[in-house]
Amino acid sequence: MINEERTKMMTRLALYETKEGKKELKITRYSPGDYVMLQMLWSFVCGTLAFVIICVLAALYNIETLMTELFSMDILLFARNILVIYIIFIACYLMFCYSYYSYRYGKYKKRVNAYILRLKELYKHYVQNGNNQNM
Amino acid sequence: MATLLMMKEKMKEIYAEYYKVIVPTVKAVVAFLMLLAINDKIGYMARLDSFLVVLVLTAVCAFTPTGITVLVGLAVILGHLSALSFEIALVALAVFMVMGLLYLRFCNKDLILLVLVPLSFYFGVPYVMPLVAGILCGPVAALTLGCGIVIHYFIDYISVNALTIQGMAAEGTVDKIRVGVDGLIRNEAMFLTLISFVAATLVVHILRRQSMDHAWSIAIFSGAMCNVILNFMGLLVFDNGPSVFGLLIGTIIAIPLAMLVGLLFMGLDYSRTEKVQFEDEDYYYYVKAVPKMNIQAPSKTVKRINTQRYHTNQK
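Heads up: the protein sequence lines correspond to chains V and L, in order. Under the numbering used here, the first residue of the first sequence is numbered 1, with each subsequent residue one higher. Under the numbering used here, the first residue of the second sequence is numbered 1, with each subsequent residue one higher.
Keep in mind the hints are simulated off the structure, nothing from the lab. Please note that the accuracy of each hint is not assured.
Which chain V residues face chain L? A few, computed with CB under 8 Å, are given here [as the list claims (entries may be wrong)]:
#: 1; residue: 2
#: 2; residue: 14
#: 3; residue: 15
#: 4; residue: 21
#: 5; residue: 25
#: 6; residue: 46
#: 7; residue: 49
#: 8; residue: 50
#: 9; residue: 53
#: 10; residue: 54
#: 11; residue: 57
#: 12; residue: 65
#: 13; residue: 67
#: 14; residue: 98
#: 15; residue: 102
Simulated restraints on C-beta separations [claimed, not checked]:
#: 16; chain 1: V; residue 1: 110; chain 2: L; residue 2: 291; range: 49 to 59 Å
#: 17; chain 1: V; residue 1: 82; chain 2: L; residue 2: 17; range: 56 to 66 Å
#: 18; chain 1: V; residue 1: 117; chain 2: L; residue 2: 235; range: 49 to 59 Å
#: 19; chain 1: L; residue 1: 213; chain 2: V; residue 2: 59; range: 49 to 59 Å
Beta carbons: idealized from backbone N, C-alpha and C, even for Gly.
Assemble the whole structure, with the sequences as input and the hints as a guide.
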């Protein structure tokens, strides 16, 4: 006879594994520090690309002013100002990304821990009731 | 209230049984309306404006993930803008890339708001969106809402200034780029709507998570009031903004709509029949999990008049 209790437990575990568990189990294989650092690296690249696109648009918008003042302005000062704006922008963006991905990892970790607890319960069920019940 | 709850349970039952038909149909309807709205506003490319292309793209969107619907919409917008002016299309592409790089990485679940927000503006019910987004989605949905507002106002600005752009000389690359960028940085109505909608979404989201009675009703009312107050304040500061009459009527319509949507869809417990398979040492299991319904529909009682007993009594 089929053990109904065991079947219910296995069904719930299988449902989790095929739905949310696919992504969550993959993410929680990383340590929290590694996952957050990896996402922040991606965020740094994306943030830098976005800043470059915004700078190009701003340059095209003010192209006439730039062309007339290019040789009279202090290029080093101009570059330093751009760099300061970039550093402030990327710092704020990375702080937001750090909070978001840390929160996300914590949320997924709780669900995966609940899944592991259910796995342990299933294992206990096997040990206590044995495999003979299915014959 | 009980009737609405029973209606919700009936909808869950129908969804659980027919989700394979319902989901593609809803996606097809949303994609169809999106393409019609885009073609109506900025239909400058004849090839994309044809009904056959709209049907084909709708069919594609119906059977692909939501992200593809958003990408199709953005691609169609870029196609139409490139027919109007290459420079404007370049500005639009830059805007979409900045949005994608900075914000849309966080908003996988709420990407559909990028389509629904401009659609709500097109159909004249924009004020329902921050309330619904606050109830059903997380706080990050405020970012997606903001991106949807930017897309709507940019398209609106281009469609209003299309004749001016077409009249510009072919060599006026910088002028056309300037017109495109002005549609973003000098669009006061856009900034006002952005601030008020994002604030309303966050207010609704924060309040509906509180442990108090009627939390989500209070959240909807507070979000609507926040939106109205911020718009009024903005109208004092900026020259452009929504009309007061439109704002008030729109908010009055939005509140019951948002409450209905919240009642029907909050909790996102529209589960469907799931099939899984697994094995142990003795058996292979092929399991079909069918969601249970919570509220029983009232059972009909049929009163039978026993004519035989009546005739017996008469004797």
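Indicate whether the distance between the beta carbons of residue 82(V) and residue 17(L) respects the range 56 to 66 Å. For residue 17(L) against residue 82(V), whose Cβ atoms are near 59 Å apart, the range 56 to 66 Å holds.
Would the hint on residue 49(V) be counted as holding, given a Cβ-Cβ threshold of 8 Å to chain L? Given a least distance of 5 Å, the restraint on residue 49(V) holds.
Residue hint residue 57(V), partner chain L, criterion CB-CB below 8 Å: This interface hint holds because 5 Å falls under the 8 Å limit.
Have a go at the residue 50(V) hint: is there a Cβ in chain L nearer than 8 Å to its own Cβ? holds (4 Å)
Would you settle whether the hint for residue 14(V) is holds or violated, based on the nearest Cβ-Cβ distance to chain L being less than 8 Å? Residue 14(V) check passes; min Cβ-Cβ to chain L is 4 Å, inside 8 Å.
Under 8 Å, Cβ to Cβ, is where residue 53(V) needs to be relative to chain L, so tell me if that hint holds or is violated. holds (5 Å)
Verdict for residue 117(V), residue 235(L) (Cβ pair) under range 49 to 59 Å: holds (55 Å)
Does the interface hint hold: is residue 67(V) within less than 8 Å of chain L, judged Cβ to Cβ? violated (10 Å)
When the least beta-carbon distance from residue 2(V) to chain L is tested against 8 Å, hint result: Hint holds; residue 2(V) Cβ to chain L Cβ min 7 Å, cut 8 Å.
Would the hint on residue 46(V) be counted as holding, given a Cβ-Cβ threshold of 8 Å to chain L? holds (4 Å)
Outcome for the supplied range 49 to 59 Å, where the beta carbon pair is residue 213(L) and residue 59(V): Because 56 Å falls inside the window, the suggested range holds.
Double-check residue 21(V) for me: the hint is only fine if its C-beta lies closer than 8 Å to a C-beta in chain L. violated (11 Å)
Hint compliance for this structure: hints 4, 5, 12, 13, 14, 15, 16 are not met, and every other hint is.
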